[in-house]
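With the sequences and hints as input, model every part of the structure.
In order, the protein sequences belong to chains Z and C.
Each residue of the first sequence is one higher than the one before, counting from 3 in the numbering used here.
Each residue of the second sequence is one higher than the one before, counting from 3 in the numbering used here.
It is possible that part of the hints are untrue.
Just so you know, same-sequence chains aren't split out, so a pair can sit in one copy or run between any two.
Here are the simulated DMTMM-like pairs of lysine to aspartate or glutamate, each with C-alpha atoms no more than 20 Å apart in a straight line [to be verified]:
#1 Lys-23 x Asp-8
#2 Lys-12 x Glu-81
#3 Lys-65 x Glu-54
#4 Lys-11 x Asp-37
#5 Lys-12 x Glu-29
#6 Lys-46 x Asp-8
#7 Lys-11 x Glu-29
#8 Lys-23 x Glu-13
#9 Lys-63 x Glu-75
#10 Lys-65 x Glu-99
#11 Lys-23 x Asp-37
#12 Lys-46 x Glu-81
#13 Lys-23 x Asp-102
No wet-lab data here; the hints were simulated from the structure.
2 protein chains.
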Amino acid sequence: MAVLLDAMKKENQPTLMDRVKRFWTLEFLSGSAMDIWLTGAFTKICVYVNSEQELKDVYQKAKDAGLLCSIIEDNGQTEFHGVPTFTAVAIGPHLPEQLDPITGKLPLL
Amino acid sequence: MAVLLDAMKKENQPTLMDRVKRFWTLEFLSGSAMDIWLTGAFTKICVYVNSEQELKDVYQKAKDAGLLCSIIEDNGQTEFHGVPTFTAVAIGPHLPEQLDPITGKLPLL
Numbered sequence: 003m004a005v006l007l008d009a010m011k012k013e014n015q016p017t018l019m020d021r022v023k024r025f026w027t028l029e030f031l032s033g034s035a036m037d038i039w040l041t042g043a044f045t046k047i048c049v050y051v052n053s054e055q056e057l058k059d060v061y062q063k064a065k066d067a068g069l070l071c072s073i074i075e076d077n078g079q080t081e082f083h084g085v086p087t088f089t090a091v092a093i094g095p096h097l098p099e100q101l102d103p104i105t106g107k108l109p110l111l
Numbered sequence: 003m004a005v006l007l008d009a010m011k012k013e014n015q016p017t018l019m020d021r022v023k024r025f026w027t028l029e030f031l032s033g034s035a036m037d038i039w040l041t042g043a044f045t046k047i048c049v050y051v052n053s054e055q056e057l058k059d060v061y062q063k064a065k066d067a068g069l070l071c072s073i074i075e076d077n078g079q080t081e082f083h084g085v086p087t088f089t090a091v092a093i094g095p096h097l098p099e100q101l102d103p104i105t106g107k108l109p110l111l
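Structure, rendered in structure tokens:
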């Protein structure tokens, strides 16, 4: 979800009621990986890493490859004793051949 | 995420390349629960039920109350021996006073 929110174009428009109407728009072409994913079975593959540094490295590799990706920093309110902690990276939707060079060697969760 | 996708207005527009450009737009007012959630800390509370029927009941109650909600049916490809199975319900974003009557008594996951 973080990836989708990051990928959205965000616009504001004042209303008569002293509030602002927000429009967050996701734009994609028919037949694109985004289209296939959103209108298909939402295939997700979960893999894991062994350290926060490895997590950051995966994120950087995906970014450098120009892929849609997002890193999640948990506020630490419940599990991490108040210490903000990077806990997950989401990449895609993309086709397998784009994802495999980044995550293909990581073990399944 | 399913809730957000369900809440989006979906439009199509033909392009010159024989493809279709898709616009999925999420519309909300400043100060609304959606706004507070999307621009805040994405607070999530996970609770559980003990049966598929109880899951469906929670979903129906949320729907009847007019809340944003979505029920997830897993394809069953990996965990459920090919049998499609309802596995989760997402409700909101909404303010606590709207959610509590529906899920306030369920145990934390």
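For each hint, the structure was consulted:
1. For a Cα distance limit of 20 Å, the shortest separation of Lys-23 from Asp-8 qualifies both inside one copy, at 19 Å, and across copies, at 19 Å.
2. When the C-alpha separation of Lys-12 and Glu-81 is checked against a cutoff of 20 Å, the pair qualifies neither within a copy, at 32 Å, nor between copies, at 37 Å.
3. In the homo-oligomer, the alpha carbons of Lys-65 and Glu-54 lie at most 20 Å apart inside one protomer (17 Å), although the nearest pairing across protomers, at 39 Å, exceeds that limit.
4. Taking the shortest alpha-carbon separations for Lys-11 and Asp-37, both the intra-copy value of 17 Å and the inter-copy value of 15 Å come in at or below 20 Å.
5. For a Cα distance limit of 20 Å, the shortest separation of Lys-12 from Glu-29 qualifies both inside one copy, at 11 Å, and across copies, at 10 Å.
6. For the identical chains of this complex, Lys-46 and Asp-8 are neighbours both inside a copy (18 Å) and across copies (19 Å), given an alpha-carbon limit of 20 Å.
7. For the homomeric pair Lys-11 and Glu-29, the shortest alpha-carbon distances inside one copy (8 Å) and between copies (12 Å) are both at most 20 Å.
8. With identical chains, the CA atoms of Lys-23 and Glu-13 are at most 20 Å apart both within one copy (8 Å) and between copies (19 Å).
9. Taking the closest pair of Cα atoms, Lys-63 and Glu-75 come within 20 Å of each other only inside a single copy of the chain (18 Å); across copies the shortest separation is 33 Å, beyond that limit.
10. Taking the shortest Cα distances, Lys-65 and Glu-99 sit within 20 Å of each other inside one copy (16 Å), while across copies they are farther apart (40 Å).
11. Taking the shortest Cα distances, Lys-23 and Asp-37 sit within 20 Å of each other only across copies (10 Å), while inside one copy they are farther apart (26 Å).
12. Taking identical chains as interchangeable, the C-alpha atoms of Lys-46 and Glu-81 lie at most 20 Å apart only when they sit on different chains, with a minimum of 13 Å there against 24 Å within one chain.
13. In this homomeric assembly, Lys-23 and Asp-102 never come within 20 Å of each other (Cα to Cα): the closest approach is 40 Å inside a single copy and 27 Å across copies.
Violated hints, listed in ascending order, are 2, 13; each of the other numbered hints is respected by the structure.
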